[in-house]
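Chain A is fixed; fit chain B onto it per the hints.
Spelled out, the chains give:
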Amino acid sequence: MTFKAWIKTITFYEILIGMKATMSHMLHYRPVTEQYPHEKRTLPDNYRGMLALLRYDDGTEKCVGCDLCEAACPSRVIRVISAEVPGEPTKRYSKEYYMDMTRCLFCGLCVDACPVDALGMTREFEWSVYDKRQLHLNKEQLLAIGDRSFPVREKQLELQHPNVAFFNVAFKHLPQKPG
Amino acid sequence: MTELSLRLAVTFAQILAEMSIVMITVATLTYFERKVLGWMQDRMGPMEVGPYGLLQPVADGIKLFFKEDIVPAGANKAMFALAPMLTMVVAMIGFAVIPFGPNITLDIYGITIKPFVVADINIGVLYILAIASIGAYGIILGGWASNSKYSLLGGLRAAAQVISYELNVGLALVGVLMLAGTLSLVQITEAQSGGFWHWFIWGGRPDGFFPIHTQIFAFVVFIISAVAETNRIPFDLPEAESELVAGFFTEYSGMRFAFFVSAEYANMTLVSCVASALFLGGWNAPYPGTIFEYIGLEQLAWVEHIVWFAAKVYFFLFLFIWIRATLPRLRYDQLMRFGWKVMLPIALANIIITSFTLYFFPR
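If you're matching them up, the sequences are chains A and B in order.
Using this note's numbering, the letters of the first sequence correspond one by one to residues 1 to 179.
Using this note's numbering, the letters of the second sequence correspond one by one to residues 180 to 542.
Do not take every clue at face value.
[As the list claims (entries may be wrong)] Straight-line distance between alpha carbons at most 30 Å, and here's what the computed DSS-like set of lysine-lysine pairs gives:
1) A:Lys155 with A:Lys91
2) B:Lys214 with A:Lys40
3) B:Lys328 with A:Lys132
4) B:Lys520 with A:Lys4
5) B:Lys242 with A:Lys40
6) A:Lys8 with B:Lys520
7) A:Lys20 with B:Lys520
8) A:Lys20 with B:Lys214
9) B:Lys214 with B:Lys246
10) B:Lys246 with B:Lys256
11) A:Lys132 with B:Lys242
12) B:Lys242 with B:Lys256
13) B:Lys293 with B:Lys214
14) B:Lys328 with B:Lys246
Keep in mind that the hints were calculated from the coordinates and are not lab data.
Next comes chain A alone, as it looks inside the complex (with noise of 0.2 Å):
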């Protein structure tokens, strides 16, 4: 052992440095701390929060029961029956649309793999709930998480092929023409 390093053993020199340490965050004192149900903090513009179905402007749910989520979803959380509409025989909808939210983990697939749009994923976050069935969402549930999150909607364009927005989708990653 030198000199230095027995001078630096019998000052606690070591020691002294990291109370400095500590001292001068107490001094500074600027906490990261956010105070959680007081003040919330700014979420990222792309969050994936709470799931929800869609509306047209019209009021007319948006789904039209293709399953596409249901076998999108790598946890198992949707579950579709789809109907024909009654009266119109080529158009189909979404008898019962349930999601188990206690599997879910917001991965965003059911969204992509919509093809038309119906599935939103809100901002909303806090759904602690002391009762795990309260977390079984049925339809009706579902639609008023949109609308309460949505209020602006989209319309509903007549001679619309549903594939339209399926290919959109799943091209969107290639470059886009310019112009």
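Quick look at chain B alone, frame taken from chain A:
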């Protein structure tokens, strides 16, 4: 008969006042520690209960009071109940000999009392050492009676650690006792009056400033050993959270847990009081006399003395929290090696050197 009852009444009033002061200090410390620790770690500490979390100790007390009292299966019930009581009582009665204020006497109906010390006994330091050793029994009993491997390991570690570091505490005090020539804490503190250069940390040599009797090495040994003795970080092996859940009080809950925690904080306060009384002049101000005397208010000098004592004690308490915020825990062999191979030789050498300097340069 009336004199006896009067004496009893006065003593009980003193004990009550002293205990409430200690309990208030303990409650303050639980808040203060969490707050300071939070500030040092860029957090806020308790903020919810009351403004800036000021009512957090009250909320904690109420919560612990109403919590379920669990006795583990296979525990030795009598010992399990005895351990927290022993620890708490021992931590409390150590304060009986601590002089909080100046050594003045009051005459109440013919009997003479000292208002700022409950019992001015002539073996005060010895009494504190003895009481602190009994406190270890509570920890060891609690660890053994819980019928849990973590508690048992914590108790074993506490036993080994307390034996190693009690020795250093006792030996570190010997130099001061030689300088003061007495074991009474009141007289030791009085011997340090008249400015900070009379404090025993510098040796208290009135002629010439060169501190030949300096006890600063004993002081450092005492502080480090006191941290170890009160099971604080970085010597908190008996209650190492990351290794032993909570050490010797793993199985305790409710008020019994509160007793252990209060006893720990009370022990912290006790060693802070002893350190400030023995090394930093206790109630004496760092300048000769008091400001109240200079401006002609001799009756109020005791206020200044008490404020200085409290300032010193709180400095040590802050130091404990500061060390806790800074240092990680020692390994067990490091703890033992440090206690026996570093602290003990320094304390012994301090005794020898102090006795030589005292022989050649008597005070």
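Quiz item: Which hint numbers doesn't this structure obey?
Solution: The structure conflicts with hints 3, 13, although it agrees with all the remaining ones.
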